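Use these hints to put chain B onto chain A, whose structure you have.
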Amino acid sequence: MIRSQRWKGAAFTVPFQLGFVFLYLLPIGYAVYQSLFLEKQSGLGLGGATTEFVGLENYGKGLSDSAFMTSILRVVLFACVQIPFMLLISLVLALFLDAVTSKVAGRFRILLLVPYMIPGVVAAIVWINLYSPDVGPLTPIGDLFGFDWNFFAPSMVWPAIGNLLTWHGIGYNMVIIYAALQGVPRELFEAARLDGASELRIALSIKVPFVRGALVLTALLSIIQMLQIFNEPALFRNVTPQTVSDSFTPIMIIYNQAFNAANYHYAAALSVLLALILGVASFLFYRLTSRAAD
Amino acid sequence: MALTENRKENGTETAAVPPRGGAVRRITRPDPAARSRGGQRFLLVGLVLASAYSLFPVYWLLVAATKDRVGLYQSNGLWFSDFHLWENLHQVFTYEGGIFLRWTANSFLYAGVGSLGGTLIALATGYGLARFEFPGRGVVFAAVVGSFLIPIALLTLPLYLLFSAIGLVDTPWAMLIPCLINPFSVYLAKVYTEATVPFELLEAARIDGAGELRIFFSIVLRMMTTGGATVFLLAFVNTWNAFFLPLTMLRGEENWTLNLGLYNWTGKRLESGIDVTSLVLTGALLSIIPMAIMMVAMRRYWRSGVTLGALK
Chain A
1 MIRSQRWKGA AFTVPFQLGF VFLYLLPIGY AVYQSLFLEK QSGLGLGGAT TEFVGLENYG
61 KGLSDSAFMT SILRVVLFAC VQIPFMLLIS LVLALFLDAV TSKVAGRFRI LLLVPYMIPG
121 VVAAIVWINL YSPDVGPLTP IGDLFGFDWN FFAPSMVWPA IGNLLTWHGI GYNMVIIYAA
181 LQGVPRELFE AARLDGASEL RIALSIKVPF VRGALVLTAL LSIIQMLQIF NEPALFRNVT
241 PQTVSDSFTP IMIIYNQAFN AANYHYAAAL SVLLALILGV ASFLFYRLTS RAAD
Chain B
1 MALTENRKEN GTETAAVPPR GGAVRRITRP DPAARSRGGQ RFLLVGLVLA SAYSLFPVYW
61 LLVAATKDRV GLYQSNGLWF SDFHLWENLH QVFTYEGGIF LRWTANSFLY AGVGSLGGTL
121 IALATGYGLA RFEFPGRGVV FAAVVGSFLI PIALLTLPLY LLFSAIGLVD TPWAMLIPCL
181 INPFSVYLAK VYTEATVPFE LLEAARIDGA GELRIFFSIV LRMMTTGGAT VFLLAFVNTW
241 NAFFLPLTML RGEENWTLNL GLYNWTGKRL ESGIDVTSLV LTGALLSIIP MAIMMVAMRR
301 YWRSGVTLGA LK
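Chains as they are written, first to last, in this note's numbering: chain A, 1 to 294; chain B, 1 to 312.
So here's chain B without its partners, still in its complex pose:
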């Protein structure tokens, strides 16, 4: 449904149309100003209230990250008191020998490299499924869709046993290898191929004597930039947010992700002498920042990706 946006691959459209899903279709809408003003006001009030609900926790986190221990426990939670953000940041980055930076680097490694590999495999598979007829194609696609229903525990626990048998547990590979195979990415890649790579073009390239690999790498991948970016982004966010897999696979602190580290810190708050609460909150704020940057920078892609994946 949101395909109208993705078909225009050359990028010029981006500048002309604001990054808003379905903006094209909006032209045919009746002028809402013609409707009752009271009705519009009612809608606005509803939207403002909902936005306040959405933003309030983030606002509070931002305020809390600027407070020291005393401020956190004694000042008004809704407003700033003394400004201690820099001390808090210093504390987060130096606590336990700067382990927080290590966790950040790990999260970037797992999410970045894992998603890149997973996206490449998914694009190749999606292309193969969408543009070739071969025996077993239906089985592969059924496996892709069917695997959406498999609970994470059913995969992760035996995978842990298998990985520990071959010595991969507690190494970065235990996070990277599972990222390479992502059925949802394959599904998206197939949908994108169907929308953006015409049969005729492939035929033309074949008549010109191009090999299949060359067609894939120099024509198909280039046409799928938008689709590929969406697949990568969603996979990145998924891995960045992952919790059960790292909790199962990673034992030593030095391989943990940000999520796992923050989870561990929340468990510590009761026993430790140092103020772990403000560590947790400042760390939580920091761990949102890369997500926010990614999302804003690529919102055109991920929004169409989210809706596309859901509606096809």
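Extracted from the complex, chain A is given alone in its bound form:
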């Protein structure tokens, strides 16, 4: 390639690079910088506050902050249950779609994608009202079958959020897995059928291994999302503040530290910590799943 063209090519990316510096690198650097300071009140708080350099003190505080660590453990445990469950359903539905005629598959695929079209906040509003003992139909249906369930009770709030996330996420994950299934060479099925393999056997031994990459990807995206969960608990908190505390998930704690406690320095340290945890979790998951492939 001619030399002058190279620079013209680079010029096409300049607006993005400038924006990236301003909207990504600068804020991250600023957060790291802020996290090294602490606002200290002098005297009785009447003399105003001074900002002092404290080094890694905020990080030490974050790592020993039981509310923050509990919130991380809470979302990690929850992710271990909800994500496999959601992906299993998505996988089964994708396999179902792959095994019916393409006309039938096309129709059902649209129906199954309806929840994905609904904004997350609206999805949470709808399910919260479905769960609501006053207006929702689920409580009377439960009564009918003798269940006396209260979706806003402490033991039910995670299953309630889990159902909401599963409902919202099945369609998207199914589409990705289904698209990967389309790539399986169809001759393999013919060969397997000639050898007397059942459809179930074909699904388990040929199709599922073939879409492993798509499953790893959807799982990774779900993990990243889950560690940052905020909207759903925030909306649940609006209706049931006694069950969903303001330190329910890591981002809720960070938001509260920043805007209710006005402690930006500590909030910055916590968000850097969360980013590191997210990076490590993604890396570990990727390594684990790619090693299993060999």
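This list has only true hints and no planted wrong ones.
Partner residues are not named here, just some residues of chain B that face chain A (Cβ under 7 angstroms, in silico):
1. Leu61
2. Gly128
3. Phe132
4. Val140
Pair by pair, the computed Cβ-Cβ distance ranges are:
5. A:Cys80 x B:Val70: 38 to 48 angstroms
6. A:Glu52 x B:His90: 48 to 58 angstroms
7. B:Arg222 x A:Gly142: 53 to 63 angstroms
8. B:Phe56 x A:Asp148: 15 to 25 angstroms
9. B:Leu213 x A:Ala49: 47 to 57 angstroms
10. B:Ser81 x A:Asp148: 23 to 33 angstroms
11. B:Val296 x A:Ala197: 37 to 47 angstroms
12. B:Phe56 x A:Leu77: 26 to 36 angstroms
The hints are simulated quantities; they were obtained by calculation from the structure and are not laboratory data.
Small disclaimer: the values here were computed from a predicted structure and weren't measured.
Don't be surprised by glycine CBs; every beta carbon is placed ideally from N, CA and C.
Positioned in the frame of chain A, the structure of chain B alone reads:
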């Protein structure tokens, strides 16, 4: 993988092939009718149950939006009672001086203008990354992919501080500027360029004496219509659905998005004298409609976009 669909840019293919990802490949499938009928029935039952689960909340929302306060609390939640949809709509649009319309307009402004600008920048960047070799290209691409892992809080909180230092907090700019830079859009644009813009064509245009800017605007952008539409659509949906950014950046009601307004209304239901629940539900139903229209109108684009972005 879903590229087969996107390579055919001229649009004639759209009419011939139903908008269904991977439809082309389906021709080679064995006839499923040859398989057991019981098996097919089992699959259908499974799919019907799953669809019922997917659709039930939407159906309930639709029913609930037609009820007044009494109907909402006392009638059967699964079926219509007295029809009060028009009163509910009237209430939504007039409550607090018609603030709901303002929020709708804001959502359209942020999602529309922000995504349009973001798409243009992303297409230029994707093209630059895909079709030119320049020092630092690898670094830019690594930054794009790496930024997928950055938690939203890590960006939004310091951005709030920076924006408040320059007086942008609580203005539409606080929503519009972050939309301009979208690494996922850049990533998609790069993948689309690789699939649709051949080197040879660019060389031919250069030999004919066309400048690089002209090549980009009159050849590349035109070839990337499908890709660009997908990038725009996904960015639009993302911004329309955004919650953490507006919650952080916008203080005054008049700049809020629909999501933020509805969130605020859900917090009010316990204290207010007016029936906020039916306001929230009717508002929620209304806020889905633009998404549904966009999705249906452009489903060919967004579906290939979703799968493409995921599989490459």
